[in-house]
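Peer 1: Spelled out, the chains give:
Number of protein chains: 2
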Amino acid sequence: MSDNWQYSRRAVAMKSSVIRDILKITQKPNIISFGGGLPAPELFPAEGINEACRKVLKDRPHEALQYATTEGYNPLRELIAERMNKIGVPCDADEILITGGSQQGLDIIGRVFLEPDVYVVTSSPTYLGAIQAFNAYNPLYLTQPSDDQGFVVSGLEELLKKHSPRLIYLVPTFQNPDGRTIPADRRKAILDLAVQYNIPVIEDDPYSELSFEGQIPEHMKAMSPENVIMLGTFSKLLAPGLRVAWLIAPRGAAFDRCVKMKQGADLHTNTFAQHVIYEFIKTGALDEHLKVIRRTYSRRRDLMVQLMREHFPSEVEFTEPTGGLFLWVSLPEKVDTAEILAKAVELDVAYIPGFAFYPDGSGKNTMRLNFSKPTENEIEIGIPRLAKLFKDVLAS
Amino acid sequence: MSDNWQYSRRAVAMKSSVIRDILKITQKPNIISFGGGLPAPELFPAEGINEACRKVLKDRPHEALQYATTEGYNPLRELIAERMNKIGVPCDADEILITGGSQQGLDIIGRVFLEPDVYVVTSSPTYLGAIQAFNAYNPLYLTQPSDDQGFVVSGLEELLKKHSPRLIYLVPTFQNPDGRTIPADRRKAILDLAVQYNIPVIEDDPYSELSFEGQIPEHMKAMSPENVIMLGTFSKLLAPGLRVAWLIAPRGAAFDRCVKMKQGADLHTNTFAQHVIYEFIKTGALDEHLKVIRRTYSRRRDLMVQLMREHFPSEVEFTEPTGGLFLWVSLPEKVDTAEILAKAVELDVAYIPGFAFYPDGSGKNTMRLNFSKPTENEIEIGIPRLAKLFKDVLAS
Chain U
1 MSDNWQYSRR AVAMKSSVIR DILKITQKPN IISFGGGLPA PELFPAEGIN
51 EACRKVLKDR PHEALQYATT EGYNPLRELI AERMNKIGVP CDADEILITG
101 GSQQGLDIIG RVFLEPDVYV VTSSPTYLGA IQAFNAYNPL YLTQPSDDQG
151 FVVSGLEELL KKHSPRLIYL VPTFQNPDGR TIPADRRKAI LDLAVQYNIP
201 VIEDDPYSEL SFEGQIPEHM KAMSPENVIM LGTFSKLLAP GLRVAWLIAP
251 RGAAFDRCVK MKQGADLHTN TFAQHVIYEF IKTGALDEHL KVIRRTYSRR
301 RDLMVQLMRE HFPSEVEFTE PTGGLFLWVS LPEKVDTAEI LAKAVELDVA
351 YIPGFAFYPD GSGKNTMRLN FSKPTENEIE IGIPRLAKLF KDVLAS
Chain X
397 MSDNWQYSRR AVAMKSSVIR DILKITQKPN IISFGGGLPA PELFPAEGIN
447 EACRKVLKDR PHEALQYATT EGYNPLRELI AERMNKIGVP CDADEILITG
497 GSQQGLDIIG RVFLEPDVYV VTSSPTYLGA IQAFNAYNPL YLTQPSDDQG
547 FVVSGLEELL KKHSPRLIYL VPTFQNPDGR TIPADRRKAI LDLAVQYNIP
597 VIEDDPYSEL SFEGQIPEHM KAMSPENVIM LGTFSKLLAP GLRVAWLIAP
647 RGAAFDRCVK MKQGADLHTN TFAQHVIYEF IKTGALDEHL KVIRRTYSRR
697 RDLMVQLMRE HFPSEVEFTE PTGGLFLWVS LPEKVDTAEI LAKAVELDVA
747 YIPGFAFYPD GSGKNTMRLN FSKPTENEIE IGIPRLAKLF KDVLAS
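Chains U and X, in that order, give the protein sequences. Our numbering puts the first residue of the first sequence at 1, with every later residue one more than the last. Our numbering puts the first residue of the second sequence at 397, with every later residue one more than the last.
These are calculated hints, taken from the structure and not from any lab test. Just so it is clear, the structure is predicted and the values come from calculations on it, not from any experiment. Some hints here could point you the wrong way.
[Claimed, not checked] Each pair of labels, with its calculated beta carbon distance range: (1) U/R9 / X/P621: 24 to 30 Å; (2) X/T465 / U/T375: 20 to 26 Å; (3) X/G680 / U/G361: 50 to 56 Å.
Each residue gets a CB set at the ideal place from its N, CA and C atoms; glycine is no exception.
Take these sequences, add in the hints, and give me the full structure.
Peer 2: Listed below in structure tokens is the structure:
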């Protein structure tokens, strides 16, 4: 009987994603959810994707439906390299490995670098999906606090010296969950230490092309190409259901080991989806689509920030990111956002409690709000509901 | 610099797939390759798939391009359960986890059950992709020899008693690489021991729906549903480029742990591909397609066997499987098929040396031949080339 089989220690220890569990609790009709991290589905360019499918299946069905190389479809790798160079990241197609979403990129990095009792440095809060991916390899975590500018560098050198961590994991631009961006001087300071102590920096970069205004700092991969593994994805730029992302690793041991681990994990990423995305990009449709989603998300963020200013009690603080998908709300220390989630659901509004993004479970008075998925109408109704919740809780 | 980073032991130890390396060596123009394990690309039902894409993108683009649950698209899971029940395997949709190819299914099984110094039982030869997937978790292997009927049961009980292995891994029907099928009495004997020693049997089943004639034995999952995890895939039935497969695990700890491990590995499988396959099956097109590929592959196998009888020297033995994709050739002991591969490539013909399928590197006088991908014309030219190679080698 399967309950009596012997399982691996990792399987016994592994928990389900807190976020997915919370999202399940908050699924009810009429609820307005700021909880997920989903792109706006009504903007998916279904017609352009359909046109790309048609072309691929007409021109090269034998190739697009067949087994393929682990590294990925070469013309797509070349297009990605071109796009990366345009945003200032120097790389060639042969440094790019196509992955099944960035979640798989994180898993591959875990496989290549991690094992029991080695250390990973992250910020606190950080992207929890990364922690979940890494946990399959049983590492330990060292966290640095965040301020307005994200990852705090002070204290990092001691961690590196004392624990020789295997990785420094960062989402430097419009971080999930808090929307913060690490400025150039901090990026440089982190890289200097990473180089000195010979530790790879993982630059997880799903959001930098969703910048609404102003300039984002130079990518860490651009500042120090040999010392950074960068992750990019079409999930936020085009459609997450296609599960196509990429990993850029320095040539040699790093890249080769990523490829071998991917080979054992799933041979290669969906060939058809790779061809379809290639065709879609080639027509210029992705750049057009990016304009549309930037405009829409920026308008939703504007509206949300404006309503938060109008309605939230003055003790409630929040970030005002210039891109990405998320805002971060901090309540007075006495409030536990996980505890009051049930009340929020009663008021038909939902969010993700911030503790879910702290490897040590702190951050109890924070929450993440998503502004890409809810419509303007939903934001107009949902933010006042949240404001009511805060007022009720702060008054009690 | 990345060559000086500290990598995990698994990454340092991991080798590239021998088969993929061999396939690279044998890539040259005009070569006739019996090496790969690919479906015939000229039979891919591109039009039906295009129609399914069009329908999905018209009817439900918001769902089909969005993030989705880890378990998979429910209507597809239901269709698979229905198909499984039709072939005698009792299961419900909620025991089915959609995976990114069966290679990912094997990886998930490795994650859930394996860790350093635990044992896995396989036959020798066995499917090497499984070994590659499992190796990421550093287990040890116990192999049982094969005869005409595949996995030899005698001696298995000692292994189970002595080593308490975590898994018994089998491809019971039309096994890759040797095309052999384990008969019902052996299946039962293996299951009786597995139950007695409380060890899960992994029934890797990519080929059983590619049966050309006669009846195949009852599936092991059907004989003992609570003691078997079964893997099935659309890669051989429809198109490997779509990377959609499934894993059927008993409810409770086994299923739940597989889902959690999949969540950390890549969140979920390509939503769009799942919807497209669902639409394709629903129209009845898959059953039609299966008739086409069974007929074609069976004709190719007939031709190949006939030419092998006519041309191969009498010392050369081979299996005559009644389904699947592969034939298995055994040469006199003195011949090393890896050594003579260079000569084969000179004669413009290729195969996979059998040692690649033996966890202990034995089987040096064997080779695997594929009959699904080469056309009849290629078989007519390629088999006499192989015969010439054998005659040359046996004469020297």
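Peer 1: Would you pick out the hints that fail for this structure and give their numbers low to high?
Peer 2: The structure breaks none of the hints.
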